[in-house]
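> Chain residues, written in single-letter form:
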Amino acid sequence: MSLMDELGARVRTSADELPLELVTVAVQRLHAAAELLLWVRQASADPMGVPQLAHATEHAEHAGHALRVAQEQLTDYLTAIGLGATARPAPDRAGPTTPQVTEDGSVPSPAGDAPRLSGWWSARVAELTGGDVAPTTSGADGATGSDHLLRLVVAGVRAGDRSRLRHDLGAAHAPVGLGLSALTPPALHRLAGDLLGHQPRAEDVPRLARATAGRVRDLLPGMPQPVLDTLLARVCRDTAGHGGDARAAQPSHPADLPVAGAVLTGVLLQLLGRDPEALDRSGEEPCAARAAPGRPDRATHA
Amino acid sequence: MASVAEVKSAIDAAVTQITEGQAAVQAASEKLSEAQQSLAAALDGSGHESVGAAQASLFQASTELEECLAATLAAVEQAQSYAATL
Numbered sequence: 000m001s002l003m004d005e006l007g008a009r010v011r012t013s014a015d016e017l018p019l020e021l022v023t024v025a026v027q028r029l030h031a032a033a034e035l036l037l038w039v040r041q042a043s044a045d046p047m048g049v050p051q052l053a054h055a056t057e058h059a060e061h062a063g064h065a066l067r068v069a070q071e072q073l074t075d076y077l078t079a080i081g082l083g084a085t086a087r088p089a090p091d092r093a094g095p096t097t098p099q100v101t102e103d104g105s106v107p108s109p110a111g112d113a114p115r116l117s118g119w120w121s122a123r124v125a126e127l128t129g130g131d132v133a134p135t136t137s138g139a140d141g142a143t144g145s146d147h148l149l150r151l152v153v154a155g156v157r158a159g160d161r162s163r164l165r166h167d168l169g170a171a172h173a174p175v176g177l178g179l180s181a182l183t184p185p186a187l188h189r190l191a192g193d194l195l196g197h198q199p200r201a202e203d204v205p206r207l208a209r210a211t212a213g214r215v216r217d218l219l220p221g222m223p224q225p226v227l228d229t230l231l232a233r234v235c236r237d238t239a240g241h242g243g244d245a246r247a248a249q250p251s252h253p254a255d256l257p258v259a260g261a262v263l264t265g266v267l268l269q270l271l272g273r274d275p276e277a278l279d280r281s282g283e284e285p286c287a288a289r290a291a292p293g294r295p296d297r298a299t300h301a
Numbered sequence: 000m001a002s003v004a005e006v007k008s009a010i011d012a013a014v015t016q017i018t019e020g021q022a023a024v025q026a027a028s029e030k031l032s033e034a035q036q037s038l039a040a041a042l043d044g045s046g047h048e049s050v051g052a053a054q055a056s057l058f059q060a061s062t063e064l065e066e067c068l069a070a071t072l073a074a075v076e077q078a079q080s081y082a083a084t085l
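Taken in order, these protein sequences are the chains called A and B. Taken in order, the first sequence gives residues 0 to 301; the numbers are from numbering that gives the first Met the number 0. Taken in order, the second sequence gives residues 0 to 85; the numbers are from numbering that gives the first Met the number 0.
To be clear, the hints were calculated from the coordinates, so they are not data collected in a lab. Predicted model only: the values in this text are computed from it and were never measured. Possibly wrong hints are sitting among the right ones.
Unchecked claim - Listed below are several chain A residues computed to face chain B (Cβ distance under 10 Å; list not exhaustive):
| no. | residue |
| --- | --- |
| 1 | S180 |
| 2 | G196 |
| 3 | A254 |
Claimed, not checked - With a Cα cut of at most 25 Å, we get these calculated SDA-like pairs of lysine to any residue:
| no. | chain 1 | residue 1 | chain 2 | residue 2 |
| --- | --- | --- | --- | --- |
| 4 | B | K30 | B | T84 |
| 5 | B | K7 | A | D15 |
| 6 | B | K30 | B | T62 |
| 7 | B | K30 | A | D15 |
| 8 | B | K30 | A | E57 |
| 9 | B | K30 | A | G83 |
| 10 | B | K7 | A | A154 |
| 11 | B | K7 | A | A44 |
| 12 | B | K7 | B | T62 |
| 13 | B | K7 | B | S49 |
| 14 | B | K30 | B | T18 |
| 15 | B | K30 | A | A44 |
| 16 | B | K7 | B | A22 |
Here a beta-carbon is modelled for each residue, glycine too, at the ideal position from N, C-alpha and C.
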């Protein structure tokens, strides 16, 4: 190898090893963080770091652009001195010139052990439903809104199809999935009341759990038990803690309660023998008023 | 509506994502610094226009990464301050 060849290989290696992949990872992480904070901001005027995060993302994207420009200029230089086609780095040192994107559109972590990128919602849905991440990119063909997603989940529960649930939930954009948190609490309270035959009370938590936990667990085998305890306690407005140690539990993953709430909504509708359109009848009178004397308590028979 | 616990959980998850982004930015800065040194040694004495432009782009990338890191620190501080008030 001549001195010129050696110089060319060295420059090519440096250009190929510029940290474009790491910068792409950083941008994806910051986008994921922004998605979460934007969801939180829907209910607050506090900026909570979102503008700073936007600036950070912009700087990271500019850094990536500058690195790509530098790579092109170094390639131009090698071409100009006659080494454009020959100055390749040694095979064992050759690095990727562009980020490697996996089939689901995410970028693998440089460390290899960090959680998946840009798919935290679909990755968590896969964990909760006990399967692999859906091959589509999160949001690619998902529900257009949280109410649409809730109906898809209810239909999946009715069909008892865990794969379908995983697909429908995992294909949603994260904010659409997180929005289930706003939709399910009133529906759950109403449906639980219909199942019990009266307004849900704290002492109804164990009965409601007996009626629903098995079906929910079949569909969400990866759901932490404290999350389900917390959800049932909220449905029954249980502030005293019949939901076990839910109050003392570690903070759950942001996807857990929205997913659990949607699936529980589907299970309650199924137990009541109702179709998804029953979700639209939110203006019905309170269940306590509907419950006629002697009405059978369906929760004990479910 | 989402509960306080859910909001805090979402903020915690966001901060985790930012922290991992910061780690990637720091690792990128280190690799970039190594590349700059290697290229400076290899291309010392070159007056080629593309070399000067490449080095300027690398310097710009380095500055952008520094500013990115500073902005993420401010974002984390604000997010955590908000979470503390809940």
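> Indicate, hint by hint, whether the structure satisfies it.
Each hint tested on the structure:
A cut of 10 Å between beta carbons decides the hint on A/S180: the least distance to chain B is about 4 Å, and the hint holds. Below 10 Å, beta-carbon pairs count as interface contacts, and A/G196 has none with chain B, the closest being about 27 Å; its hint is therefore violated. A least Cβ separation of about 9 Å between A/A254 and chain B falls short of the 10 Å threshold, and the interface hint therefore holds. For the hint linking B/K30 to B/T84, the alpha-carbon distance of about 39 Å lies beyond 25 Å, and the restraint is violated.
Restraint check for B/K7 and A/D15: not satisfied, since their Cα atoms lie roughly 41 Å apart, outside the 25 Å limit. Among the hinted pairs, B/K30 with B/T62 is consistent with the structure: their alpha-carbon atoms are about 14 Å apart, no more than 25 Å. A hinted pair counts as satisfied when its Cα atoms are at most 25 Å apart, and B/K30 with A/D15 qualifies at roughly 11 Å. Using a Cα cut-off of 25 Å, the hinted pair B/K30 and A/E57 holds, with the two alpha carbons roughly 20 Å apart.
Under the criterion of a C-alpha separation no larger than 25 Å, the hint pairing B/K30 with A/G83 is consistent with the structure, at around 24 Å. For a cut-off of 25 Å, the pair hint linking B/K7 to A/A154 is broken: about 31 Å separates their Cα positions. This hinted pair checks out: B/K7 and A/A44 have alpha carbons roughly 16 Å apart, not beyond 25 Å. Restraint check: the Cα-Cα separation between B/K7 and B/T62 comes to about 33 Å, which exceeds 25 Å; the hinted pair is violated.
In summary, the hint linking B/K7 to B/S49 is not supported, as the alpha carbons are separated by about 50 Å, beyond the 25 Å threshold. Taking the CA atoms of B/K30 and B/T18, the gap is near 19 Å; set against the 25 Å cutoff, the hint holds. For the given pair, B/K30 sits about 39 Å from A/A44 by alpha-carbon distance, which is inconsistent with the 25 Å threshold. Restraint check for B/K7 and B/A22: satisfied, since their Cα atoms lie roughly 22 Å apart, inside the 25 Å limit.
Checked against the numbered hints above, the structure violates hints 2, 4, 5, 10, 12, 13, 15; every other hint is satisfied.
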